[in-house]
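Please work from the sequences and hints to get the whole structure.
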Amino acid sequence: MRKYLTVFAVDWQNQFIYRLNFFLWRFRNVLRVLMTYFLWTSIFAYRTTVFGYTREQIMAYLLLVIFLYGFVGSCPSNDNVGGEVSSGALNNFLVKPIGYLRYWFTRDLSSKLLNTVFAVGEISLLWFIFRPALVFSSQPLIIFLGILMLASAVVIFYLLGKLAISIVFWAPENTWGLMFMVLVFTEILTGLIFPLDILPSHIFTALQFTPFPYLLYFPLVTFIGRLSPQLSFQYLLQSLIWLGILYSLLRKVWSAGLKNYSAYGG
Amino acid sequence: MPVIEVHNLKKYYKVHQKEPGLAGSIKSLFSRKYYDAKAVDGVSFEIDAGELVGFIGPNGAGKTTTLKVLSGLLYPTAGHVSVLGYTPWDRKPAFQKQFSLVMGQKNQLWWDLPAMESFILNKEIYEVPKEQFQKTLDELVELLEVRDFLKVQVRKLSLGQRMKMELIAALIHSPKILFLDEPTIGLDVVMQKKMRDFIKEYNHRSNSTIILTSHYMDDVKELCERVIIIDKGKLLFDGALSEIIKKFANHKVLTVVFSEPVDEEKLKNIGQIKEFDYPKAIISVRRSATSLAAAELLQRFPVADLNIEEPQIEDIIREVFTGKDLA
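Chains as they are written, first to last, in this note's numbering: chain C, 3 to 268; chain P, 375 to 701.
The hints are simulated quantities; they were obtained by calculation from the structure and are not laboratory data. Ideal placement from N, C-alpha and C gives every residue a C-beta, glycine not left out. There is no bait here: all hints are sound.
A few chain C residues that face chain P, going by a derived Cβ cut-off under 10 Å, partial list only: (1) R4; (2) Y6; (3) V9; (4) V12; (5) I19; (6) S89; (7) L96; (8) V97; (9) P99; (10) I100.
In silico DSS-like pairs for lysine-lysine, Cα to Cα no more than 25 Å straight-line: (11) P/K480 - C/K261; (12) C/K261 - P/K407; (13) P/K401 - P/K388; (14) P/K608 - P/K621; (15) P/K621 - P/K595; (16) P/K574 - P/K550; (17) P/K595 - P/K574; (18) C/K254 - P/K388; (19) P/K466 - C/K254; (20) P/K480 - P/K550; (21) P/K412 - P/K384; (22) P/K384 - P/K466; (23) P/K525 - P/K568; (24) P/K595 - P/K648; (25) C/K261 - P/K466; (26) C/K261 - P/K412; (27) P/K388 - P/K606; (28) P/K471 - C/K261; (29) P/K608 - P/K388; (30) P/K550 - P/K595; (31) P/K568 - P/K480; (32) P/K530 - P/K568; (33) P/K509 - P/K574; (34) P/K384 - P/K407; (35) P/K608 - P/K384; (36) C/K261 - P/K388; (37) P/K608 - C/K261; (38) P/K550 - P/K471; (39) P/K568 - P/K595; (40) C/K261 - P/K392.
Laid out in structure tokens, this is it:
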């Protein structure tokens with residue numbers, strides 16, 4: 003355990019080296035919110051409710067979603083693991099008594115912490131500008147379920163990314179192909195741009211059989227108290243089932259990948 | 375009791391062949407031709423504790439592949455391998471804590487942080503006790519003279535300084551076995567020499583087993599009593615460096631300095647002329663005919679000076695690899 007704490011600490015220091023990079027990334031996040039904000043403002047120009055959401059509810063949703071996305075979506079492993087495998091830098095880890103996937107998960111957590119700190123700042127700022135009425139559930143049980151769903155979402159997103167990257171073991175030149183697909187799905191199907199329940203109900207139901215809504219949408223609606231405790235619990239279970247499926251899948255794929263890995267370079 | 379046992383090791387890669395040009399690229403989308411590249415093809419050897427063994431061979435001979443199998447990075451196609459009693463590719467932490475792999479062209483240090491941070495991380499990864507870490511670090515830093523650079527960002531170090539830091543990072547857990555793949559590559563002559571001195575000193579002090587691959591014969595000549603030569607995946611030679619001469623050199627080299635000009639044509643009767651630049655000539659002759667050739671030279675030519683020498687190890691090895699007869 004201590005080794006991963008040290009990884010966390012070293013990564014934390016490393017992040018401060020890339021200050022400019024980091025600020026630009028955060029800036030992009032704020033721009034994204036503003037863009038969605040203006041989109042929704044024009045939608046609400048001539049009506050008071052859309053798909054059963056009031057203007058305030060949508061704004062609250064959007065503010066919360068960037069906060070959660072900062073946590074779930076900041077995943078530097080997605081940008082680095084493929085390159086490390088195809089360049090052979092993975093060798094450095096395979097010869098050491100450390101788990102490579104755990105190592106990167108730890109680094110992701112470190113990045114998530116830093117991003118969350120900044121997301122809190124950005125949200126406070128935006129809140130002062132737009133003053134949306136933020137509603138949270140006040141039930142401790144619901145909050146607790148929400149936190150568990152969020153934790154599960156973090157792991158699911160990590161596993162999805164690593165699964166997509168695993169293709170690099172068989173096609174070392176394809177570090178980005180599948181990862182790109184995952185990111186596109188993440189933008190559309192997780193609830194990052196709009197609340198998923200505005201979709202036709204059969205599509206919404208079908209989405210529940212993919213891992214995507216468990217990344218942002220279900221944790222979020224749990225936190226804002228739109229779900230009953232029973233429903234929250236049901237979605238938490240479904241989220242954990244996805245976690246289990248993806249975990250065992252990744253284990254299999256990764257170990258097959260390592261067998262095929264020819265420790266490229268030299 | 376050997377610490378490394380390799381028996382009939384084979385490692386074949388499937389390699390995809392692409393025909394040149396765009397048409398070839400398109401064709402390869404639909405049907406690909408594969409062939410087996412035999413990187414290592416039936417190599418066997420044993421290495422005892424404390425030995426410092428040099429692995430030599432031309433590019434693509436299978437040196438690095440062998441080291442990668444020994445350190446558990448690659449699964450072999452066939453053969454038996456045991457290192458410290460472990461099967462390397464099981465990647466057991468208990469095994470990994472006892473060896474280290476340094477590749478001259480790959481780095482493990484965190485590029486943007488001072489090297490010290492990477493050392494601390496390795497201390498935790500290898501679970502090195504605090505006192506031992508401090509002691510080992512002090513020793514290595516002293517031996518490699520890098521105390522002043524511990525707090526400098528790795529990206530700002532020179533190649534030589536960085537290589538030294540890489541070594542420290544690799545040795546911080548006091549490995550019993552050290553695999554060094556081209557540790558001096560890209561370094562200038564002075565730095566190469568320092569590295570060599572360090573490796574030698576480290577081997578003496580810690581009694582660790584070291585396998586070293588290098589392109590530079592100087593590395594091997596100075597460090598290794600025993601060498602293993604591989605070429606095209608096969609083992610050509612395994613033994614003392616001096617044995618290479620006995621085994622492969624079927625000739626000797628005569629260096630003659632003449633006092634008066636001589637006819638080059640006549641000189642050809644003595645042996646194969648390697649170099650002729652009056653007044654000096656270098657002639658290669660069969661080992662068994664050496665004394666006869668020397669006598670003939672002295673009798674028939676105006677000789678000012680004559681030297682009979684063993685050929686250079688570099689030359690022998692080069693000729694072994696190119697498959698040429700020497701004399």
